[in-house]
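Chemist: Based on the sequences and whatever the hints tell you, model everything.
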Amino acid sequence: MLRSPQLFISLFVFLMSSVAWGQQRLPVEMEDRARLLFLELRCVVCQNQSIGDSDADVAKDLREIVREQMIQGKTNQEIRDFLVIRYGEFILLKPVFAWHTVLLWGAPLFLLLIGGVLVWRAGRGRTNRLSSIDTSLSDQEKAELDQIIGRETN
Amino acid sequence: MIVELGHFALVLAFSLAVLQSVLPLWGTVSNNNRLMATADTSSIGILFFVTAAFASLMWSYAVSDFSVVNVWQNSHSQMPFLYKLTGTWGNHEGSMLLWVFILALFAAAVSMFGANLPNKLRANVQVVQAWMLATFLLFILVTSNPFARQPAAVEGQDLNPILQDIGLAIHPPMLYLGYVGFSITFAFAIAALMEGRLDSAWARWVRPWAMIAWTFLTAGIAMGSYWAYYELGWGGWWFWDPVENASFLPWLSGTALLHSALVMEKRDALKIWTVLLAILTFSLSLLGTFLVRSGVLTSVHTFASDPSRGLFILAILCAFVGGALFLFVLRSSKLEEGGLFAPVSREGALVFNNVILSAAAATVLIGTLYPVIYEAITDDKISVGAPFFNLSFGLVMIPLLIAIPFGPLLSWKRGDLLGIGQRLLFALGVAIAATIAIGVSIEGGPWLAPIGIGLSVWLMVGSFAELVQRAGFRKVDFSTSIRRLKGLPRSVWSTAFAHFGIGVTLFGIVAVTAFETETIASMKPDQTVQSGKFVLRYDGDISTVGPNYSERGANFSILRDGELVGVARPSKRFFPARQMPTSEASIHTFGFSQLYVALGDVEEGGAVTVRIWWKPFITLIWLGCVVMVIAGSFSLSDRRLRIGAPQKRKKKKKGESVAA
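Residue numbers (the working numbering), protein chains in the order written: chain A, 1 to 154; chain B, 155 to 814.
Because the hints were derived from the structure by calculation, they are not lab data.
Small disclaimer: the values here were computed from a predicted structure and weren't measured.
Honestly, I wouldn't trust all of these hints.
[As the list claims (entries may be wrong)] Simulated restraints, written as ranges between beta carbons of each label pair:
| no. | chain 1 | residue 1 | chain 2 | residue 2 | range |
| --- | --- | --- | --- | --- | --- |
| 1 | B | A355 | A | V84 | 53 to 61 Å |
| 2 | B | E705 | A | L39 | 24 to 32 Å |
| 3 | A | K74 | B | V594 | 30 to 38 Å |
| 4 | A | L36 | B | A469 | 41 to 49 Å |
| 5 | B | P730 | A | D81 | 42 to 50 Å |
| 6 | B | Q576 | A | V28 | 44 to 52 Å |
| 7 | B | V646 | A | D57 | 54 to 62 Å |
| 8 | B | I552 | A | D81 | 26 to 34 Å |
| 9 | A | L103 | B | N314 | 34 to 42 Å |
| 10 | B | S633 | A | Q47 | 55 to 63 Å |
| 11 | B | L479 | A | S138 | 36 to 44 Å |
| 12 | B | D534 | A | L36 | 23 to 31 Å |
| 13 | B | T667 | A | D57 | 24 to 32 Å |
| 14 | A | D81 | B | E672 | 25 to 33 Å |
[Unchecked claim] Here are the simulated lysine-lysine pairs, DSS-like style, with alpha carbons at most 27 Å apart:
| no. | chain 1 | residue 1 | chain 2 | residue 2 |
| --- | --- | --- | --- | --- |
| 15 | B | K420 | B | K567 |
| 16 | B | K535 | A | K94 |
| 17 | A | K74 | B | K535 |
[Stated by the list, open to error] If you only want the chain B side, here are some residues facing chain A, beta carbon under 7 Å, derived:
| no. | residue |
| --- | --- |
| 18 | V505 |
| 19 | A513 |
| 20 | T517 |
| 21 | I520 |
| 22 | Y524 |
| 23 | S537 |
| 24 | V538 |
| 25 | G539 |
| 26 | P541 |
| 27 | F542 |
| 28 | S546 |
Where is the CB? At the ideal position from N, CA and C, for every residue including glycine.
Modeler: In C-alpha cells, the structure reads:
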C-alpha cells in the first residue's frame, strides 16, 4: 500500500515552499477548525491514528497542508476532496456516505429495525399463544385435581 | 531440560484433553456414570500439566534462556525482573499458552464446583470444554510452539518497549480471564442444546460464571484503556482500534447475556435467546482473540504471510462458531419458552436492553470488519475510524442510557411506566438542573456537552431510585428505611452501583471530550507557557541511562497562581535492541482531572516541543469502570450464590443416600 506517500508529500511541501516548516499559526477560530478536521484524517503510515494524534513526519506535513488550505479559504469539504484525490478514501477516518458504504452506515438503523420487528413478532406470537391456550381443564385433569384437594369423585 | 519437560507436559495435557473429549460423551450416551466421572479427574490433570508447561516457559524467561527461540525473540538479559516474567505472554506463543492455561483453569473449576450439577449436564459441559482444550493445545503444538530451541544466543532481541510496563502484568491476564471466562457459558449452552433440556437451574448456574467473566473483562478493558492513555503518550484513552473493538464486542454481548439470563432465571422466558447470546459472546471472544493474534484486523496481508496459523485459526473459528450455530438451529426449537409478559414490564425492559446492546455490538463488528472485507472484494482501501464509531455507536446507545434507570423499577410481567416516571422525577429534576447549569456556564460552547452531562447525572442519580423505593424513604421512619436497605439482597445493590458506574464513566467521557484543552509550545529553558489555569516553566534537560534504554527527559515546574504545585518530567526513551523510541508522558492528577504533559522533538537551538493537555474529570472514565467491577464482585457474594448452592448439594446427597 505504501505507494511512497512520504516522497509525494515532501515533494508537495517543497513545491509550496512558502509554507514554513515550523508550527504555522492560524487565527484562533481557524486553528480550532483545523484541529477538529485533523481528527477525521488518518495518518497514512500509522496504525489507526489521526493526524491530530500522531507525531509522525507524514502527519506533521499533512497538518501543514490542511492549515495552508484553510488560509487559502477552502472549506472542510474541499480540503477532504483534495486529500482524497491524493491519498484515496483511506485517509478519511469517517467514511463518506455513498453506495459502497451504504451497508456500513445503514447497519445500525437496519439492525435496530430488525430487532424491533423480531421482538414485536415474538410478542404478538406470545399474545396469540396466550389467547389460544385452552385454560379449561380436561376430564383427566379435573379428576387429578379432585384427588389432590381430597374431594371424592362420586 | 525444564523447557523439554514443559513441552512434554503440553503434549500430555493434549492427550488427556483428547480422552476427555470422548470418554464422558460415551458415558452420557451409554448412561455410564463412571465414564462420565472421568472428566472430573482428567480436567484437573489437564490443568496440572498446562500449569507445568506455563511455569516452565516462565522459568526460561526468568533465567533469560536464549536457547529458547521464543525467549530470545522477546526478552533481554538487562530487563527488570518483572518485565522478564511478564514477557512470557508479551508475544504470540506465550499469550496463546496463557489463553489455554486460563481455559484449563475454568474447565477444572466446573469439575471442582460443579458437584451439584446433574451428572449428564456436567459431563456434557466438560466434554465441550475438552474439545476446546484439545483444539487449542493442538494449535499451540503444531503452529505456535513456545518451546522451540536454537543454538544459544548471547543476547535477546528485547521485549517490545511499549510492553515493558506494569500494565502487561495486569491487563492481558485480566482480559483473558474475561474472554475465556465466557467459555463456560458457551460450554453450558452447547451442553444444553445437546441434551435438549434447559431450565432456570441452568440459568442460575450460568449467571454467576457470566458475571465473573464480565467483571474481569470490564477490569481488563478499563486497565487496557488507562495503559494506552499513559503509555502511548498522545493522551487518547479509546481509539476504536480493531484490537480494542475485539475486546469490546464480547463485553457488549456479555452484558446483554447477563441481563437476559436474569429473565431466564427469574421468569423462565427468553431461553432460546439466552443460549444464542452465550454462544455469540464466546464466539466474539474467539473472533477477537484470534483475528488479533493472526493480524487479520490490521491488514489482510499479515494474515496471508503466515498461512499455516491463519488457516488453522480459520478452521477453529468455523468449527466452533459454525458448529455451535448449526446445533442451535437444529435443537433450539426443542427448548420451550415459558413466562409470558407485557411489553411494559421488567422483562420488556431487559429485552429492550438486549436489542440495543446487540445492535450496538453488530455496529462495532461491522465497522471493524468492513474495511477488511471491502479490501478483499474491491482491492481498494477505506478507513473506518473513531468519528464513525463515535457517531453510530453513540446514537444507538443513547436510548438505552436514557432507559437504564427505568429498568430496575419496573415490576415483572406488567409494569406501570407512569408510576415509575413519578419515582424518577427527582433524578430528572437534578439532571435538568445540571444541564442548565452547564449550558449557562459555557455560553455557546459545544451544545452537546450540557445534554451529555445531564444524561450522565440522570444515570447516576436515577440508578439509586430502586434503593430509595425499596427502602421506603419518607414513607416509613428513617431507621426502618436504613434497616430495610441493609436487608436488601446484594444483587439489588450491585445493580444500582453498576448502573451508577456507567453514569460516572459517561460523565468523564463527556467532560473530557467537550472541555479538554490542548496547548502545543516550543520552549527554551526558563520560558513559560500558559495552559488553562496552569503555567509551566521549562527548567532544562536531564539525560539518564536505564537498564536497557537511554532516556532524555525535560523538567517543567507546574505553577498555579504563582505557586509551585508539581514538577512534570516527561521524557523520550530509546531502546537500542529494537531501535525503538517510546514517549513517557508526565501525568499529574488534580481532583478527578489530570494535567498530561508529553515531550515532542528537540528543535534547533535547544528548544523542545511540548504538548500539554488539561483533561477535566478524565479519571472518572476509569473510576466508573472500577465501580462496575466492584458491583460485579459484590453481586457474586450474594447470599443466594454463597448459600444456595451448597444447600442444594446437601439435599441431593441426602436424596442419593436414601436411594442407595
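Chemist: Determine for every hint whether it applies to the structure shown.
Modeler: Structure-based check of each hint:
no., hint, in the structure
1, B/A355 / A/V84: 53 to 61 Å, "holds (58 Å)"
2, B/E705 / A/L39: 24 to 32 Å, "holds (30 Å)"
3, A/K74 / B/V594: 30 to 38 Å, "holds (36 Å)"
4, A/L36 / B/A469: 41 to 49 Å, "holds (45 Å)"
5, B/P730 / A/D81: 42 to 50 Å, "holds (44 Å)"
6, B/Q576 / A/V28: 44 to 52 Å, "holds (48 Å)"
7, B/V646 / A/D57: 54 to 62 Å, "holds (56 Å)"
8, B/I552 / A/D81: 26 to 34 Å, "holds (31 Å)"
9, A/L103 / B/N314: 34 to 42 Å, "holds (36 Å)"
10, B/S633 / A/Q47: 55 to 63 Å, "holds (59 Å)"
11, B/L479 / A/S138: 36 to 44 Å, "holds (39 Å)"
12, B/D534 / A/L36: 23 to 31 Å, "holds (27 Å)"
13, B/T667 / A/D57: 24 to 32 Å, "holds (28 Å)"
14, A/D81 / B/E672: 25 to 33 Å, "holds (27 Å)"
15, B/K420 / B/K567, "holds (11 Å)"
16, B/K535 / A/K94, "holds (13 Å)"
17, A/K74 / B/K535, "holds (26 Å)"
18, V505, "holds (6 Å)"
19, A513, "holds (4 Å)"
20, T517, "holds (5 Å)"
21, I520, "holds (5 Å)"
22, Y524, "holds (5 Å)"
23, S537, "holds (5 Å)"
24, V538, "holds (6 Å)"
25, G539, "holds (3 Å)"
26, P541, "holds (4 Å)"
27, F542, "holds (5 Å)"
28, S546, "holds (5 Å)"
Going through the hint list in order, the structure satisfies each hint without exception.
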